[in-house]
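Chemist: Heads up: the sequence lines are chains Z and U, in that order.
Residue numbering for the first sequence is 1 to 434, as defined by this note's numbering.
Residue numbering for the second sequence is 435 to 591, as defined by this note's numbering.
Keep in mind that a hint or two might mislead.
[What the hints assert, rightly or not] Listed next, the in silico BS3-like pairs over lysine-lysine satisfying Cα-Cα at most 30 Å (straight line):
no., chain 1, residue 1, chain 2, residue 2
1, Z, Lys332, Z, Lys394
2, Z, Lys91, Z, Lys108
3, U, Lys565, U, Lys450
4, Z, Lys394, U, Lys565
5, Z, Lys394, U, Lys450
6, Z, Lys332, Z, Lys91
7, Z, Lys431, Z, Lys394
8, Z, Lys91, U, Lys450
9, Z, Lys431, Z, Lys108
10, Z, Lys431, U, Lys565
It should be emphasised that the hints constitute simulated quantities derived from the structure, not laboratory data.
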Amino acid sequence: MTSIAIPSGMPQYDDVPRFDVARVRADFPILGRDINGHPLVYLDSANTSHKPRQVLDVLDEHYARHNANVSRSVHTLGTEATEAYEGARAKIAAFINAPSTDEVVFTKNSTEAINIVAYAFSNASLRPDADSRFRLGPGDEVVISEMEHHSNIVPWQLLCERTGATLRWFPVTDQGRLDESGLEDLVTERTKIVSLVHVSNILGTVNATSRIAARVREVGALLLLDCSQSVPHLPIDVVDLDADYIVFTGHKMCGPTGIGVLWGRGELLAAMPPVFGGGSMIETVTMARSTFAAPPARFEAGTPPIAEAVALGAAVDYLTGIGMQAIQWHEKELTAYALDALGSVPDLRIFGPTVPVGRGGTISFALGDVHPHDVGQVLDSLGVQVRVGHHCAKPVCSRFGVPAMTRASFYLYTTTEEIDALVAGLEQVRKVFD
Amino acid sequence: MQLDQLYQEIILDHYKRPHGRGLRDADDPGDQVAEAHHVNPTCGDEVTVRVATDGTVLHDISYDGMGCSISQASASVLHELLRGRGAGEAFEVHEAFVELMSGRGQVTPDEDVLGDGVAFAGVARYPARVKCALLPWMAFKDAAARAGVGVSPEVKA
Chain Z
1 MTSIAIPSGM PQYDDVPRFD VARVRADFPI LGRDINGHPL VYLDSANTSH
51 KPRQVLDVLD EHYARHNANV SRSVHTLGTE ATEAYEGARA KIAAFINAPS
101 TDEVVFTKNS TEAINIVAYA FSNASLRPDA DSRFRLGPGD EVVISEMEHH
151 SNIVPWQLLC ERTGATLRWF PVTDQGRLDE SGLEDLVTER TKIVSLVHVS
201 NILGTVNATS RIAARVREVG ALLLLDCSQS VPHLPIDVVD LDADYIVFTG
251 HKMCGPTGIG VLWGRGELLA AMPPVFGGGS MIETVTMARS TFAAPPARFE
301 AGTPPIAEAV ALGAAVDYLT GIGMQAIQWH EKELTAYALD ALGSVPDLRI
351 FGPTVPVGRG GTISFALGDV HPHDVGQVLD SLGVQVRVGH HCAKPVCSRF
401 GVPAMTRASF YLYTTTEEID ALVAGLEQVR KVFD
Chain U
435 MQLDQLYQEI ILDHYKRPHG RGLRDADDPG DQVAEAHHVN PTCGDEVTVR
485 VATDGTVLHD ISYDGMGCSI SQASASVLHE LLRGRGAGEA FEVHEAFVEL
535 MSGRGQVTPD EDVLGDGVAF AGVARYPARV KCALLPWMAF KDAAARAGVG
585 VSPEVKA
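With the rest of the complex left out, here is chain Z (with noise of 0.2 Å):
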């Protein structure tokens, strides 16, 4: 290969902040795990990412050490608990650059997250005195795209099923990318909502939504964000991404299962109807009614998962320690290695963008007429874990005219050696399945 110098003045390659990958690679204990006689190749953090030791570390010291309820107690653990789980809220709100803490409502997950607010629209378009940015009615319409994982599609149908309002998506191109060419034409003063994937689980494209986001504002809609693959990923900011909201969890980013977050503007979180009703969400409770508290209060009923919210603070901490600009560029030296290596692989062929811009380190593909669950299971027996199956984007699936697909997803801790792990192992499945 020739190099080719960057003419001084211009950026260099070694501009960009990077880390040291064996060095992170010792902090996840599970990484030294064998699996079936070999050691483990992890490709499936889309999925779920494995948790480092300070992550880990932080959930045994809050039972430990500081367990009690929060919101509630005037005893001194009870202080503990709810300076570490308020603290944790702050640090994930600078890690988003949101303008304020009480922008941030821990949920359960992304899945939760959205489903308040697809609620929340509910909620408010049974009460007319409700904010009419959240009424929802016949000839109002919500607008998605055809590369959603289930959990931005069924919580839509749903709410449109139960307002009379329609569902609208953004077709998906043959590369794999959103196919922005009707803006104009979905996105329109009817629509109330448009509620897209920033990076797709699938596809590993990542959506340029500035277009989108200008739009939805010349027609006075809102826009919602699925941030599930992004925030782990790369740098996001709230602020330049002008959305209304943002869901992420918080499995996908090196903290625990059970703790996700709706991220929402400010006025617009004051101005939607409670969805869950129960403790910690109400100013003042009578027999006959009840008033609610501010967010993010109000859409935080019951004990909430403290410390998965506290530990989910540790793991912000550990990334932005390594820096997620770092993160982003080991991850997108990652897929352009991968990419290349896959394509020296007969018969094999990537769903989505094959290029190593706007796109992740998620590649999903098929290996000849090998059904998915085939190929994955060879891997398996030879160490190396992917996902296969729908991926629960089952419309990208018939959009590609395959029932599932093989997906491989990297993360801060993978290695281009995983990678050839990867490859030598896909050098099996053809032996096994010729």
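For chain Z, the structure is supplied; the task is to place chain U on it using the hints.
Modeler: What follows is chain U alone, placed relative to chain Z:
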């Protein structure tokens, strides 16, 4: 785990050269014909099984589907084992296969009853794949019931 326990030659043979694949009409116009379509929602595997019977003998079991080697080979074995059998006998085989697959690898299969079905003994050790192997057998049970022939005990895959 040994991969060749899962992918036995017999299974790969049935996958690569399936027996009796394709949905067929009944030869005897007096037969009851019914079918069932089953889907594995976790992976998208699909199979349609059609049964043609006079109420005592399963004259034909035809099928079509798409999916992994285990589910498709299992349909081929099902066809081979049960086609032309009496309904009562067929359900004994069905029961034996379900028992084998639910046995977590602890059940020793009887080759006299299960024929090529014994090759699936290894699949029972892979909980994630048991559903693949059972998919055509569950569809068969529904199709047979719709065609008016017996029912074997309920099983949870």
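Chemist: Are the hints correct? Go through all of them and say.
Modeler: Checked hints:
1. At roughly 26 Å between alpha-carbon atoms, Z/Lys332 and Z/Lys394 fall within 30 Å of each other, so this suggested pair holds.
2. Distance check on the hinted pair: Z/Lys91 and Z/Lys108 sit about 18 Å apart at the alpha-carbon level, within 30 Å; holds.
3. A threshold of 30 Å between alpha carbons decides the hint, and for U/Lys565 with U/Lys450 the separation of about 20 Å falls inside it, so the pair holds.
4. Simply put, Z/Lys394 and U/Lys565 have alpha-carbon atoms about 19 Å apart, close enough for the 30 Å limit, and the pair holds.
5. For the given pair, Z/Lys394 sits about 26 Å from U/Lys450 by alpha-carbon distance, which is consistent with the 30 Å threshold.
6. The suggested pairing of Z/Lys332 with Z/Lys91 holds, with an alpha-carbon distance near 26 Å, which does not exceed 30 Å.
7. Of the pairs offered as hints, the one joining Z/Lys431 and Z/Lys394 holds, with about 29 Å between alpha carbons and a cut-off of 30 Å not exceeded.
8. Distance restraint check for Z/Lys91 and U/Lys450: the Cα-Cα separation of roughly 55 Å exceeds the 30 Å cut-off, and the hinted pair is therefore not satisfied.
9. With a C-alpha separation of about 43 Å, the suggested pairing of Z/Lys431 with Z/Lys108 is violated against the 30 Å cut-off.
10. The hinted pair formed by Z/Lys431 and U/Lys565 meets the criterion: a straight-line CA distance of about 25 Å does not exceed 30 Å.
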